[in-house]
Amino acid sequence: MASRLSREFYARDTHTVARELLGKHLVRCYAGTRLAGRITEVEAYIGEDDRASHASPGPTARNAPMYGLPGYTYVYLIYGVHHCLNIVTEREGFPAAILIRAIEPLEGLTIIEQQRGLQGPPTALTCGPGRVCQALDIDRTLNHCDLCAPDALLWIEDASPIPETQVARSPRIGVRGDPRAIEARWRYYLRDSAWLSASRSFNRRWATS
DNA sequence: CGCTTGATGTCCT
DNA sequence: GGACATCAAGCGA
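Numbering-wise, the first sequence is residues 1 to 209 according to the numbering used here.
Take the hints with a grain of salt, since some may be wrong.
Taking CB as the label site, the calculated pair distances span [as the list claims (entries may be wrong)]: (1) Asp13 to Arg180: 30 to 40 Å; (2) Arg12 to Gln114: 35 to 45 Å; (3) Asp192 to Ala124: 16 to 26 Å.
Bear in mind the hints are in silico, worked out from the structure with no lab data behind them.
Positions of the beta carbon are idealized from the N, C-alpha and C atoms, including for glycine.
Construct all of the structure, not just a fragment, from the sequences and the given hints.
In structure tokens form, the structure reads like this:
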């Protein structure tokens, strides 16, 4: 039986957690059945100094979960259309989170296809933060939920570790404005996975540098 | 209050 | 490569 990741797992340095989240299984309880996917791509957002982070203006009502306990969700609506799922990390009081950008479907493929309103080609199903949330029926009702709670409807399970040779880093996608935020290689992904949100050439370029 | 803008995805040409 | 959907945060008046 795969074990559910503990509070201690999330309560560490965000880069470490982001790196180790690769390969883990994101599980969603949907109408009593399991939807699950292997995490293939994440991004770190760390501290108020990170100009790309929602925490950069300081504490507000929206970003409150980022300042809360690790192991909680932070779900927000972007462009008025898409939801994005983040996992809060580090200690309470320090704003940091990891955006789940892509997964490889493992369980509940039929329901995932229904949620997305399409069948293969499979990479369009769950590659991209908005697609992940639509595929797993994640919206703001799942904001600020405890992934470690016994009755959670969303959690992450341990899986076999990913070797360092399979891990690549790149700048974060869609970040604009501050040059330092644009350049920081805080996106982590499985370099050979087909389940990634950026273009193949972009992923290859950063995987080999 | 009104105005601007986004950690995106889809459809179009 | 570009338009645009659609909404609430965040900010300035």
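**OP:** Could you work out which earlier hints the structure fails to respect and list their numbers in ascending sequence?
**Re:** 1
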